Structure formats: structure tokens, C-alpha cells
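Asks: In case you want the letters, here they are:
There are 2 protein chains.
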Amino acid sequence: MSTYANDAQLSETILDKKVVYPGLIIRLEHWDVTLPDGTQCVREVACHIGASAVVALDEDNNLILVRQQRIAIGRITVEIPAGKLDAPDEDPLVCAKRELSEETGMTADHWEKLTVLDTTPGFCNEHIHIYLARGLHAGSRHPDEDEFVDVIRMPLPEAYARVMSGDLHDGKTCLGILMAYAQQKNA
Amino acid sequence: MSTYANDAQLSETILDKKVVYPGLIIRLEHWDVTLPDGTQCVREVACHIGASAVVALDEDNNLILVRQQRIAIGRITVEIPAGKLDAPDEDPLVCAKRELSEETGMTADHWEKLTVLDTTPGFCNEHIHIYLARGLHAGSRHPDEDEFVDVIRMPLPEAYARVMSGDLHDGKTCLGILMAYAQQKNA
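Heads up: the sequence lines are chains A and B, in that order.
1 is the number of the first residue of the first sequence in this note's numbering; add one for each residue after it.
1001 is the number of the first residue of the second sequence in this note's numbering; add one for each residue after it.
Careful: at least some of the hints might be erroneous.
Residues from chain A that keep clear of chain B, each with C-beta distances beyond 12 Å, as calculated [as the list claims (entries may be wrong)]:
id	residue
1	Glu90
2	Asp91
3	Leu93
When the alpha-carbon atoms are kept at most 25 Å apart in a straight line, the in silico DSS-like pairs for lysine-lysine are as follows [claimed, not checked]:
id	chain 1	residue 1	chain 2	residue 2
4	A	Lys17	A	Lys84
5	A	Lys185	B	Lys1185
6	B	Lys1113	B	Lys1084
7	B	Lys1185	B	Lys1113
8	A	Lys113	A	Lys185
9	A	Lys113	A	Lys97
10	B	Lys1185	A	Lys18
11	B	Lys1113	A	Lys17
12	A	Lys84	A	Lys113
13	A	Lys97	A	Lys84
14	B	Lys1084	B	Lys1097
15	B	Lys1113	A	Lys84
Quick caveat, the hints were computed from the structure, so don't treat them as lab data.
Here the structure is a predicted model, which is why all the values come from computation and not from measurement.
Ideal Cβ positions, reconstructed from N, Cα and C, are used throughout, including at glycine.
Just chain A, same shape as in the assembly (with noise of 0.2 Å):
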């Protein structure tokens, strides 16, 4: 059932770019292209500086989360401690201790990488890398001035059947989640 198997026949050639709106968050760009048949237009990209996100978990084995106003959704949501990277060359490792610890107070010892989420490709560069952090440390927190976040701790089994409940709806901290717990059931 594969078209269009060669990778060359899918493959989309950029002409130009342009920034169309140099925003806060996101730098709007629109690209000229030409297609696999040869015909040209025009690609939307919301240009992301990036970001990390991290699955703390204590030694209960509980989850750190943080509840905030998320205005774009109209709602106050649960998630998983992130934050954008400080540079597009920063490392990713650095950004999720920083995030971590402004938003809960928290250090951790131990720090593995989960995967590379592509948030929403088909018209934004934006990854956000997620961690796994352990061997937590609890210190002062340090939002930022325009942060306001609430911090709480939720047994990671229960944050798992609130994601397949579909009680949970944001990104990094589904896919987090599930992969810290699917990792802790195959090990």
C-alpha cells in the first residue's frame, strides 16, 4: 500500500523564506516551497526557540507536577515542570535542572533522558527533550516574575490512569508520564 516508498518522491525543496511576524513566543515564517510534483506554496512555521520538561518522581514514587493558568486554553492545567530553552544552542539538560528547580525548588541526582517530543510538526519546529529526574532534593523555588504556579505530588499510578482516562491533556506531560510508567512495568 506505500505511494510514494522513496523518501525523494516525498521530499518538499524551501526557495525562500520570511519572517512575517517576529512574535513573543514564536517568530512567524513563511516559506516557499516547491513540492514532490513540482508545483510551488507556501508553508506556514511557527519558529520555537525549543524547550525541556521533566518527569521528577520522589522516592515514594510520587510525580512532581505543577498546576498553572494556561490563558491560551482557557484553563487551569496539570503538568510536568518545563520550561523554553535559554538559547537554541543550550543544552537541553541544563534548561530542564533550571526549569526544575525555578518551578518546584528541586534538584535531582539522577537524570536520564526519555525522548524528543515534536509538539505539533506540521506547522511548528518546536521539540521539547523530557527527562527523567531522581534522587529528588527539595530547595526554594524561583519562578519566573510572570509565573504562577502551584506545586503538587501525585503517585505516578494514578497520574497514569488519568492520561488513559483522558482526564490529562497536555502533551510533554502525557508522554512523559506514560513512558516513565511503561518504562517501571517492563523493568
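We have chain A already, so just place chain B on it with the hints.
Replies: Here is chain B on its own, set in the frame of chain A:
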């Protein structure tokens, strides 16, 4: 460790919204908001119409996947079939059936909602409704004119292993695969 246990202490109030760029796929808006401490700031929101995606499994427990060039991230990706709603109020199940048919030519007898994914709620309101489809019937593909996709089949356990090893990256795809696999394991 809960710092702002009360939802009101997390809530932002929207004072004004303005469209800063009416794009092709997203409408970029800046919203003036009042933070919980009374200060004001601007939140950037990428407004998206929403989408549906389909975890389609054949009678041999193979997943139906599409390979396509995602110019935003510069790679050919492996994803579950998906596409945008035709209108904000379109029934997402109607959209899911259309996208499965357009991209793969298939129809399905049995549909089940898995979840609704918020792809990246820090700056975007995109929701993706993810369905599980079974009882597949082959038909003819009719992709959009700017859409070049390669349809492949992959055993669900292999797809699961490729998510866990970090080899698949697309958010809706990873979440759909892990949820479908976990459902089978727990059945």
C-alpha cells in the same frame, strides 16, 4: 508543598485581545492579561482551528501510519493519519473519518475516542482529538493537492518499542500509540 492551592490565586484575567498576524494555519494574537498579583502582561497565543487524528489498527494489529515531509522540522516523519477540522464547530469524529479516508483510503467500522491532546498549551490553543479505529476497509486515497504521503503498516508492538526508544517523536502519534498499546495490555 502546594504554594497557591486556591485556583483564584493562579487565575489570569483577559483585558483585551488583538490579532497581530492573520496567518494561513494560525492566527497570532496578543492578549493583555492581569496576573494573579495584579500586574499586567501580554500573552502571545497562536490560535488554531483544532484537528483530529486516528490510531487505525487492522485485523493483524498493524498500525496504519503515514510518512510525510514535515518542512517545519526538516524531516520525513512517521505519524498517525490526522488533519485539521473544516470549521471550529465540526464534529471531530467526522474530521477523523475524513482524514483517515483522504490520507489512507480507509474506512472503519468501530470508532472509540482515546483522548483530547493539547499539543503545546503554553502558547497555542490547538486541540487534537485522538480516536482508535478498528474494522478497517480499504478504499481509494484522495489526499489534498499539497499533500504527499506514503502509507505504511507497522505492528503495534513495534510502534510501541519505537516510541519508547525515542525513535518516533510526533506528539499525537506517540500518545496514540502508547494509549492503544496500554489498553491492549490492560484488557
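Asks: Hints first: check each against the structure and report whether it holds.
Replies: Outcome of the hint check:
Glu90 (chain A), annotated as away from the interface, keeps every beta carbon of chain B farther than 12 Å; the closest lies near 17 Å. Non-interface status of Asp91 (chain A) relative to chain B is upheld: no Cβ of that chain comes within 12 Å, the nearest being about 17 Å off. Residue-level check passed: Leu93 (chain A) sits 15 Å from the nearest beta carbon of chain B, beyond 12 Å. Among the hinted pairs, Lys17 (chain A) with Lys84 (chain A) is consistent with the structure: their alpha-carbon atoms are about 24 Å apart, no more than 25 Å.
Between Lys185 (chain A) and Lys1185 (chain B), the direct Cα distance comes to roughly 11 Å. Compliance with the 25 Å bound is thereby established for this hinted pair. Restraint check: the Cα-Cα separation between Lys1113 (chain B) and Lys1084 (chain B) comes to about 17 Å, which is no more than 25 Å; the hinted pair holds. Between the alpha carbons of Lys1185 (chain B) and Lys1113 (chain B) the distance comes to roughly 18 Å, so the proposed pair stays at or under 25 Å and holds. For the suggested pair Lys113 (chain A) and Lys185 (chain A), the alpha carbons sit about 18 Å apart, so the restraint of at most 25 Å is met.
About 12 Å separates the Cα atoms of Lys113 (chain A) and Lys97 (chain A), which keeps this hinted pair within 25 Å; it holds. The suggested pairing of Lys1185 (chain B) with Lys18 (chain A) is violated, with an alpha-carbon distance near 48 Å, which exceeds 25 Å. Between the alpha carbons of Lys1113 (chain B) and Lys17 (chain A) the distance comes to roughly 38 Å, so the proposed pair goes past 25 Å and is violated. This hinted pair checks out: Lys84 (chain A) and Lys113 (chain A) have alpha carbons roughly 17 Å apart, not beyond 25 Å.
Restraint check for Lys97 (chain A) and Lys84 (chain A): satisfied, since their Cα atoms lie roughly 12 Å apart, inside the 25 Å limit. Note on Lys1084 (chain B) and Lys1097 (chain B): the hinted pairing holds, with a Cα-Cα distance of about 12 Å set against a maximum of 25 Å. Between Lys1113 (chain B) and Lys84 (chain A) the alpha-carbon distance is near 31 Å, which puts this suggested pair outside the 25 Å criterion.
This entry does not satisfy hints 10, 11 and 15, going by the numbered hints stated previously.
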